[in-house]
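Going down the list, the sequences are from chains A and B. Taking my numbering as reference, the numbering of the first sequence is continuous, increasing by one, and the terminal residue is 280. Taking my numbering as reference, the numbering of the second sequence is continuous, increasing by one, and the terminal residue is 216.
I should point out that these hints are in silico values taken from the structure, not numbers from a laboratory. Don't take each hint at face value.
[Claimed, not checked] Here are a few chain A residues that sit away from chain B, every Cβ distance over 10 Å (derived from the structure):
#: 1; residue: 188
#: 2; residue: 211
#: 3; residue: 231
#: 4; residue: 250
#: 5; residue: 260
[Claimed, not checked] With a cut-off of at most 35 Å between alpha-carbon atoms, the simulated DSBU-like pairs for lysine-lysine come out as follows:
#: 6; chain 1: B; residue 1: 117; chain 2: A; residue 2: 234
#: 7; chain 1: A; residue 1: 237; chain 2: B; residue 2: 117
#: 8; chain 1: A; residue 1: 237; chain 2: A; residue 2: 203
#: 9; chain 1: A; residue 1: 237; chain 2: B; residue 2: 161
#: 10; chain 1: B; residue 1: 161; chain 2: A; residue 2: 204
#: 11; chain 1: A; residue 1: 237; chain 2: B; residue 2: 152
#: 12; chain 1: A; residue 1: 279; chain 2: B; residue 2: 138
#: 13; chain 1: B; residue 1: 163; chain 2: A; residue 2: 220
#: 14; chain 1: A; residue 1: 171; chain 2: B; residue 2: 163
#: 15; chain 1: B; residue 1: 138; chain 2: B; residue 2: 163
#: 16; chain 1: A; residue 1: 171; chain 2: B; residue 2: 161
#: 17; chain 1: B; residue 1: 117; chain 2: A; residue 2: 171
#: 18; chain 1: A; residue 1: 222; chain 2: A; residue 2: 237
#: 19; chain 1: A; residue 1: 220; chain 2: B; residue 2: 117
#: 20; chain 1: A; residue 1: 279; chain 2: A; residue 2: 203
#: 21; chain 1: A; residue 1: 204; chain 2: A; residue 2: 267
#: 22; chain 1: B; residue 1: 163; chain 2: A; residue 2: 279
#: 23; chain 1: B; residue 1: 138; chain 2: A; residue 2: 204
#: 24; chain 1: B; residue 1: 111; chain 2: A; residue 2: 267
#: 25; chain 1: A; residue 1: 204; chain 2: A; residue 2: 220
#: 26; chain 1: B; residue 1: 111; chain 2: A; residue 2: 204
#: 27; chain 1: A; residue 1: 267; chain 2: B; residue 2: 152
#: 28; chain 1: A; residue 1: 267; chain 2: B; residue 2: 117
#: 29; chain 1: B; residue 1: 138; chain 2: A; residue 2: 171
#: 30; chain 1: B; residue 1: 163; chain 2: A; residue 2: 222
#: 31; chain 1: B; residue 1: 138; chain 2: B; residue 2: 117
#: 32; chain 1: A; residue 1: 237; chain 2: B; residue 2: 138
#: 33; chain 1: A; residue 1: 203; chain 2: B; residue 2: 163
#: 34; chain 1: A; residue 1: 204; chain 2: A; residue 2: 222
#: 35; chain 1: A; residue 1: 234; chain 2: B; residue 2: 138
[As the list claims (entries may be wrong)] Here are some chain B residues pointing at chain A (derived, C-beta under 8 Å):
#: 36; residue: 136
#: 37; residue: 139
#: 38; residue: 140
#: 39; residue: 141
#: 40; residue: 146
Just so it is clear, CB atoms sit at the ideal spot from N, CA and C, and this is done for glycine as well.
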Amino acid sequence: DQQVKQNSPSLSVQEGRISILNCDYTNSMFDYFLWYKKYPAEGPTFLISISSIKDKNEDGRFTVFLNKSAKHLSLHIVPSQPGDSAVYFCAASPLYNQGGKLIFGQGTELSVKP
Amino acid sequence: GAVVSQHPSWVICKSGTSVKIECRSLDFQATTMFWYRQFPKQSLMLMATSNEGSKATYEQGVEKDKFLINHASLTLSTLTVTSAHPEDSSFYICSARDLRTSGGQFAQYFGPGTRLLVL
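Please put together the full structure from these sequences, using the hints given.
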């Protein structure tokens, strides 16, 4: 039972354009969401998070949007840079339950071409 | 930012031996650490939650006697893969929860991972 889904395994974007990575979840108990960036053979790096009381959080080139009614979140990267090429995981957590454990999506591999 | 280290970064062992992997939070205290494994091209699967001073909480389907977890201090958790077999070969990643962030928010910071190959 995949509670967090990233339906696009890969995405290719031109440098300077916007990258939009999508994530859907099924568990209405999730109330905190995070995006991580991962290179091969390395641990994930935290990028940005959002709690369920907000619908948008912005940090530099990264913006996360949350649509609770649709159980959908997205990560926007603008402008995209070649160094952004990596696998991006979204993760969800029932913040106030179960010790804050994270449930990860399958990941989307982003390729930013010069 | 918060730094989490893992040791060793990779290990090759014979089937039947036990392997210990260490996870350390270097510049913060972590009452809770998490252990994940990742198969190639797949997501990170949570194995267990490690709590300082108490028993770990294992996810469904994870054998607690196979994957021994000890959280001896606020900066160290260890995962021991006992009697390892080739199917245990995987990429094991730990994370530590940093409670210092404000506003009730938190983030987990991940170690660089340990590649285990069981022959």
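Against the structure, the hints come out as follows:
{"no.": "1", "hint": "188", "in the structure": "holds (15 Å)"}
{"no.": "2", "hint": "211", "in the structure": "violated (7 Å)"}
{"no.": "3", "hint": "231", "in the structure": "holds (17 Å)"}
{"no.": "4", "hint": "250", "in the structure": "holds (18 Å)"}
{"no.": "5", "hint": "260", "in the structure": "holds (13 Å)"}
{"no.": "6", "hint": "B/117 to A/234", "in the structure": "violated (41 Å)"}
{"no.": "7", "hint": "A/237 to B/117", "in the structure": "violated (39 Å)"}
{"no.": "8", "hint": "A/237 to A/203", "in the structure": "holds (21 Å)"}
{"no.": "9", "hint": "A/237 to B/161", "in the structure": "holds (33 Å)"}
{"no.": "10", "hint": "B/161 to A/204", "in the structure": "holds (28 Å)"}
{"no.": "11", "hint": "A/237 to B/152", "in the structure": "holds (34 Å)"}
{"no.": "12", "hint": "A/279 to B/138", "in the structure": "holds (21 Å)"}
{"no.": "13", "hint": "B/163 to A/220", "in the structure": "violated (41 Å)"}
{"no.": "14", "hint": "A/171 to B/163", "in the structure": "holds (29 Å)"}
{"no.": "15", "hint": "B/138 to B/163", "in the structure": "holds (24 Å)"}
{"no.": "16", "hint": "A/171 to B/161", "in the structure": "holds (27 Å)"}
{"no.": "17", "hint": "B/117 to A/171", "in the structure": "holds (32 Å)"}
{"no.": "18", "hint": "A/222 to A/237", "in the structure": "holds (14 Å)"}
{"no.": "19", "hint": "A/220 to B/117", "in the structure": "violated (41 Å)"}
{"no.": "20", "hint": "A/279 to A/203", "in the structure": "holds (17 Å)"}
{"no.": "21", "hint": "A/204 to A/267", "in the structure": "holds (18 Å)"}
{"no.": "22", "hint": "B/163 to A/279", "in the structure": "violated (44 Å)"}
{"no.": "23", "hint": "B/138 to A/204", "in the structure": "holds (12 Å)"}
{"no.": "24", "hint": "B/111 to A/267", "in the structure": "holds (32 Å)"}
{"no.": "25", "hint": "A/204 to A/220", "in the structure": "holds (25 Å)"}
{"no.": "26", "hint": "B/111 to A/204", "in the structure": "holds (29 Å)"}
{"no.": "27", "hint": "A/267 to B/152", "in the structure": "holds (16 Å)"}
{"no.": "28", "hint": "A/267 to B/117", "in the structure": "holds (23 Å)"}
{"no.": "29", "hint": "B/138 to A/171", "in the structure": "holds (14 Å)"}
{"no.": "30", "hint": "B/163 to A/222", "in the structure": "violated (42 Å)"}
{"no.": "31", "hint": "B/138 to B/117", "in the structure": "holds (25 Å)"}
{"no.": "32", "hint": "A/237 to B/138", "in the structure": "holds (25 Å)"}
{"no.": "33", "hint": "A/203 to B/163", "in the structure": "holds (30 Å)"}
{"no.": "34", "hint": "A/204 to A/222", "in the structure": "holds (23 Å)"}
{"no.": "35", "hint": "A/234 to B/138", "in the structure": "holds (28 Å)"}
{"no.": "36", "hint": "136", "in the structure": "violated (11 Å)"}
{"no.": "37", "hint": "139", "in the structure": "holds (7 Å)"}
{"no.": "38", "hint": "140", "in the structure": "holds (5 Å)"}
{"no.": "39", "hint": "141", "in the structure": "holds (5 Å)"}
{"no.": "40", "hint": "146", "in the structure": "holds (5 Å)"}
Of the hints listed earlier, those the structure fails to meet are numbers 2, 6, 7, 13, 19, 22, 30, 36, in rising order.
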